[in-house]
Amino acid sequence: MKRTFIFLTLILLGSLGLPKNGLAQLFTHDQGDPYMVEKIQERLNPELSDFPASVRRVAIYKINYSALRFTNEEIEYIRAEIEYSLRQYAGLTVLSPPELEPNDKLKIVGNDSTLQILNMQGRSLADVSPEMLEEIAYKYGVQGLVELSLQRREPEGLVIGIRVMNPQSREVVWSKSFISNPPVVLPTLNQGSQFILTFGVTSRGSDSWYRNQYANGSIQNDTTGVGAGAGVGSDSTDTGSGNTFVHQADTLLRQAMTDFSMTISYRQPLDLQNKAYIGFTAGYHVLRSTNRDITVFDMSLFDVGLIYHQAISEKVPDIDEYRVVFYSRANVQFPLGNNRQGEVFMLEPGLQFHLSKNIGLSVFGNLMLAGETIKLSNKDRLTYNKSGFGFHAVIRF
98 MKRTFIFLTL ILLGSLGLPK NGLAQLFTHD QGDPYMVEKI QERLNPELSD FPASVRRVAI
158 YKINYSALRF TNEEIEYIRA EIEYSLRQYA GLTVLSPPEL EPNDKLKIVG NDSTLQILNM
218 QGRSLADVSP EMLEEIAYKY GVQGLVELSL QRREPEGLVI GIRVMNPQSR EVVWSKSFIS
278 NPPVVLPTLN QGSQFILTFG VTSRGSDSWY RNQYANGSIQ NDTTGVGAGA GVGSDSTDTG
338 SGNTFVHQAD TLLRQAMTDF SMTISYRQPL DLQNKAYIGF TAGYHVLRST NRDITVFDMS
398 LFDVGLIYHQ AISEKVPDID EYRVVFYSRA NVQFPLGNNR QGEVFMLEPG LQFHLSKNIG
458 LSVFGNLMLA GETIKLSNKD RLTYNKSGFG FHAVIRF
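Residue numbers (my numbering): 98 to 494.
It cannot be assumed that every hint is accurate.
What the hints assert, rightly or not - 25 angstroms max Cα-Cα, derived PhoX-like pairs, lysine-lysine: (1) K136 with K159; (2) K483 with K472; (3) K273 with K159; (4) K412 with K372; (5) K372 with K472; (6) K372 with K454; (7) K412 with K454; (8) K136 with K273.
Claimed, not checked - Computed Cβ-Cβ distance ranges for the label pairs, DEER-style: (9) P131 with N455: 47 to 57 angstroms; (10) K454 with I409: 14 to 24 angstroms; (11) Y405 with V298: 18 to 28 angstroms; (12) K454 with R153: 41 to 51 angstroms; (13) Q370 with F296: 22 to 32 angstroms; (14) V270 with N161: 48 to 58 angstroms.
Everything labelled a hint here was simulated from the structure, so no lab data went into it.
We put the CB at the ideal spot given by N, CA and C, even for glycine.
Please work from the sequences and hints to get the whole structure.
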């Protein structure tokens with residue numbers, strides 16, 4: 098019990114040692130009035146450029162605030178800073194008629210038939226008497242009456258509203274509101290997510306193509322390019338009819354192939370500037386032999402993989418995109434069909450050039466990583482070269 102009494106006594110003595118409205122004074126630097134008023138002035142001063150040209154002489158006639166939130170010293174400081182901005186950045190003449198000075202006293206207003214007791218906190222006598230307000234404005238040549246509204250709110254900090262009124266017509270000719278701590282709005286990562294459709298042509302070479310062919314025709318009908326006596330691993334027999342049959346021939350062919358492809362990619366940015374992306378790709382390939390006089394070879398492939406983009410140039414505002422982007426795509430390709438086996442792992446580094454908001458062009462190379470041989474249903478075996486090259490037409494949406 099004794100300890101509790103001592104604890105309460107210390108709290109009471111500590112509270113008595115605080116100045117009036119002491120709790121309102123315990124601000125950090127970012128919460129203090131000088132800092133918050135400075136931040137408001139940074140936003141107020143540029144806005145004063147559109148102040149009405151017909152209003153050149155103004156006076157602050159009313160300040161709305163709560164005595165629980167502000168001291169008289171704080172009100173005077175805020176008022177002085179607002180008057181400074183009006184003079185310095187709007188080129189106004191700021192008047193201070195004594196009749197328009199706000200006060201926090203009670204006023205008794207009456208005539209022969211009525212009697213009113215008015216709470217004048219933050220207001221002037223002229224404010225509660227429209228006729229007197231107009232007379233004073235005429236007397237001093239006031240063209241605009243300024244009303245300030247002050248608040249403290251979290252997380253906005255200090256909030257100041259400014260209204261300018263024509264003394265005769267009571268028309269509001271200028272009105273703005275400012276906060277010291279505006280909310281910070283960060284761009285979200287999904288703003289740069291995109292789908293990319295590409296159409297491309299790639300030149301590939303076959304390092305070795307073993308063609309396993311069965312035939313029942315004579316040697317004159319052999320289309321492998323190797324005769325019965327010169328075939329590699331050939332076995333010929335004579336049936337007695339004078340015709341030579343090729344039972345099996347493994348023919349080594351080398352020639353270039355053309356890869357026609359269509360790929361769709363989905364990419365998601367990795368940073369707030371949308372300079373780096375990562376995504377997924379899926380594509381369809383049609384391979385055709387280039388020299389079809391020697392042999393006809395057609396095959397379809399499907400691929401899935403990952404892609405990474407990194408901007409290496411400045412962003413162009415007109416197309417809202419970086420002009421030159423490096424990219425690297427890793428995928429696995431496998432043939433379509435029930436009797437086809439094998440897969441190919443490829444790395445595709447390249448440069449993508451954005452020509453407009455939605456159209457681009459890319460050039461790239463092909464590097465074989467693993468799985469070089471594909472077996473087809475007719476026992477053919479195809480082995481790619483280690484490298485190739487090609488280009489893509491790019492559509493972003």
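To see whether the hints hold, each was checked on the structure:
no.	hint	verdict
1	K136 with K159	23 angstroms, holds
2	K483 with K472	18 angstroms, holds
3	K273 with K159	16 angstroms, holds
4	K412 with K372	9 angstroms, holds
5	K372 with K472	41 angstroms, violated
6	K372 with K454	16 angstroms, holds
7	K412 with K454	12 angstroms, holds
8	K136 with K273	15 angstroms, holds
9	P131 with N455: 47 to 57 angstroms	50 angstroms, holds
10	K454 with I409: 14 to 24 angstroms	19 angstroms, holds
11	Y405 with V298: 18 to 28 angstroms	23 angstroms, holds
12	K454 with R153: 41 to 51 angstroms	48 angstroms, holds
13	Q370 with F296: 22 to 32 angstroms	29 angstroms, holds
14	V270 with N161: 48 to 58 angstroms	19 angstroms, violated
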